[in-house]
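A.B. asks: Once you've looked at the hints, dock chain E against the given chain Y.
Here the protein sequences line up with chains Y and E, keeping their order.
All residue numbers for the first sequence refer to the numbering used here, where the first residue is 53 and numbers rise by one.
All residue numbers for the second sequence refer to the numbering used here, where the first residue is -15 and numbers rise by one.
Read the hints as simulated data drawn from the structure, not as lab findings.
Note that CB positions come from ideal geometry on N, CA and C, so glycine has one too.
Treat the hints loosely; a few may be bogus.
Here are some, though not all, of the chain Y residues that point toward chain E, as calculated from beta-carbon distances under 10 Å [claimed, not checked]: (1) Ile64; (2) Ala67; (3) Thr80; (4) Ile94; (5) Val104.
Computed cross-link-like contacts, SDA-like style, restricted to lysine to any residue with a CA-CA straight-line distance of at most 25 Å [to be verified]: (6) Lys99/Y to Ser228/E; (7) Lys63/E to Ala148/E; (8) Lys92/Y to Val216/E; (9) Lys92/Y to Arg187/E; (10) Lys57/E to Ala98/E; (11) Lys99/Y to Glu43/E; (12) Lys(-13)/E to Trp65/Y; (13) Lys40/E to Ser228/E; (14) Lys99/Y to Val14/E; (15) Lys19/E to Glu61/E; (16) Lys99/Y to Lys(-13)/E; (17) Lys40/E to Val103/Y; (18) Lys(-14)/E to Val103/Y; (19) Lys99/Y to Gly21/E; (20) Lys62/Y to Arg262/E; (21) Lys(-13)/E to Lys92/Y; (22) Lys99/Y to Ala148/E; (23) Lys19/E to Ala87/E; (24) Lys99/Y to Ala123/E; (25) Lys62/Y to Leu250/E; (26) Lys91/E to Glu114/E; (27) Lys99/Y to Ala83/Y; (28) Lys63/E to Pro46/E; (29) Lys91/E to Glu61/E; (30) Lys99/Y to Ile139/E.
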Amino acid sequence: MSTENRKPGKGIWLAPVLLALPILAAMTLIALRFGPLIVKLINAAVKATVVV
Amino acid sequence: MKKVLCWLLAFLLAGTLALFGISFACARAVEPGLKEGGTPVSEGVQRVEMNLVREKIEELAPIYGFSAETAMKVVTEEKLAEMNRQAALWWNGILVNGQAGEAPAFKTDELASAFAADIVSAGGSGEDAELLAADAANAVGESILRIVLPLRLPIVGRGLSEAAARVDLGNIISFLLGVRWAALALCALLAGLIALLESRKLRESLFYIGSAMGAAVLVTAACLVLYALSGVDPLIAGASPSLSAQYGALVNSAAIPLFLYTALLLAGCIVCLVLFRRPHEAKAD
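Pulled out of the complex, with its shape left as it was, chain Y reads as follows:
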């Protein structure tokens, strides 16, 4: 995306999406890999410490 010599098109609005994509991809991968484990740990902690 050249920003120096030619007039920027509507594509500039896509820049934030492109910039966020790697972070979103990493977050999704981490959530898929560790999400269930984290939820299980929270569940176990809640069951152990909360009085029903």
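C.D. replies: Relative to chain Y, chain E alone:
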């Protein structure tokens, strides 16, 4: 090369802006609990707790043979507020020193004498009535404590003392609260570096900074979606309705600043990208 560096800085800025927003919102939720004496729960939470206390008393009344109205005359909103103040102090001890202080307790003397009168008037004998009234008062006091602080206090206290023997919990909490300011300083540094790299055409830097702001909005929104999908709220609601009300109030106090910050970032992104486009449009005309 300069452009690659700018994109890299913008990428880092996006992550740091999102980190600042999330850590700022979390700190806003936790910080009131660090004040001396802690922060008691809101009126809304107290109303929920009062309803739960009423339900519990109505459940216990036929078992022990006391009148629910008698109990509700003793268990007033002021007494519940006092219990909440004690619970806030208990949390304050954990947040500041990393150690659980004295567990809150509901004074049952007044309840016991009121119940004894109830049981005697229902035909119970004096000594038995006193014993039964004491049991009933203890059961009600225990239920109130479970509603105000629905945790297994000995387990939490033991866990905290074990952890305190290995790490300084108070220090860790103050370090985590400081993360937001470190992130904010890093944001300023990264934005400054982008502006410095594009110092000849300052408006060019608006493109990178605006893009980073927009990306931070998307990342923050994704974090909120992941949190909503994690199912932590229903998990807590299933475990204890009073804890769910307290946790809900805590999440709300974090959510409001986070939404405001996200809106601010979105506005910043739009302004930066529009300002970046404007000189080009003027030249094209």
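A.B. asks: If a hint holds in the structure, say so; if it doesn't, say that too.
C.D. replies: Consistency of the hints with the structure:
Taken as an interface hint, Ile64/Y checks out: its beta carbon lies about 6 Å from the nearest beta carbon of chain E, inside 10 Å. Interface restraint check: Ala67/Y against chain E, minimum CB-CB distance 4 Å, threshold 10 Å, status holds. Taking 10 Å as the C-beta contact cut-off toward chain E, the hint placing Thr80/Y at the interface holds, the least distance being around 8 Å. At its closest, the beta carbon of Ile94/Y sits 6 Å from a beta carbon of chain E; the interface hint therefore holds under the 10 Å criterion.
Because the closest C-beta pair between Val104/Y and chain E is about 6 Å apart, less than 10 Å, the hint holds. The suggested pairing of Lys99/Y with Ser228/E holds, with an alpha-carbon distance near 14 Å, which does not exceed 25 Å. Simply put, Lys63/E and Ala148/E have alpha-carbon atoms about 32 Å apart, too far for the 25 Å limit, and the pair is violated. Between Lys92/Y and Val216/E, the direct Cα distance comes to roughly 10 Å. Compliance with the 25 Å bound is thereby established for this hinted pair.
Distance hint between Lys92/Y and Arg187/E is unfulfilled; the C-alpha atoms sit about 48 Å from each other, more than 25 Å. Among the hinted pairs, Lys57/E with Ala98/E is consistent with the structure: their alpha-carbon atoms are about 9 Å apart, no more than 25 Å. Our distance criterion of 25 Å between C-alpha atoms is met by Lys99/Y and Glu43/E, whose separation comes to about 24 Å. Distance restraint check for Lys(-13)/E and Trp65/Y: the Cα-Cα separation of roughly 18 Å lies within the 25 Å cut-off, and the hinted pair is therefore satisfied.
As the CA atoms of Lys40/E and Ser228/E are separated by approximately 17 Å, the hinted pair is consistent with the 25 Å bound. With a C-alpha separation of about 23 Å, the suggested pair Lys99/Y and Val14/E falls inside the 25 Å cut-off, and the hint holds. Restraint check: the Cα-Cα separation between Lys19/E and Glu61/E comes to about 23 Å, which is no more than 25 Å; the hinted pair holds. Only pairs whose Cα atoms come within 25 Å are accepted, and Lys99/Y paired with Lys(-13)/E is rejected, the gap being roughly 52 Å.
With a C-alpha separation of about 14 Å, the suggested pairing of Lys40/E with Val103/Y holds against the 25 Å cut-off. A C-alpha spacing of about 58 Å is found between Lys(-14)/E and Val103/Y, which places the hinted pair above 25 Å, so the restraint is violated. Under the criterion of a C-alpha separation no larger than 25 Å, the hint pairing Lys99/Y with Gly21/E is inconsistent with the structure, at around 28 Å. Distance check on the hinted pair: Lys62/Y and Arg262/E sit about 12 Å apart at the alpha-carbon level, within 25 Å; holds.
Using a Cα cut-off of 25 Å, the hinted pair Lys(-13)/E and Lys92/Y is violated, with the two alpha carbons roughly 44 Å apart. A hinted pair counts as satisfied when its Cα atoms are at most 25 Å apart, and Lys99/Y with Ala148/E qualifies at roughly 22 Å. Only pairs whose Cα atoms come within 25 Å are accepted, and Lys19/E paired with Ala87/E is accepted, the gap being roughly 19 Å. This hinted pair checks out: Lys99/Y and Ala123/E have alpha carbons roughly 22 Å apart, not beyond 25 Å.
This hinted pair checks out: Lys62/Y and Leu250/E have alpha carbons roughly 17 Å apart, not beyond 25 Å. Of the supplied pair hints, the one linking Lys91/E and Glu114/E holds, its CA atoms being roughly 16 Å apart against a limit of 25 Å. The hinted pair formed by Lys99/Y and Ala83/Y meets the criterion: a straight-line CA distance of about 22 Å does not exceed 25 Å. With a C-alpha separation of about 23 Å, the suggested pairing of Lys63/E with Pro46/E holds against the 25 Å cut-off.
Annotation: proposed proximity of Lys91/E to Glu61/E holds, straight-line Cα distance about 14 Å (limit 25 Å). About 12 Å separates the Cα atoms of Lys99/Y and Ile139/E, which keeps this hinted pair within 25 Å; it holds.
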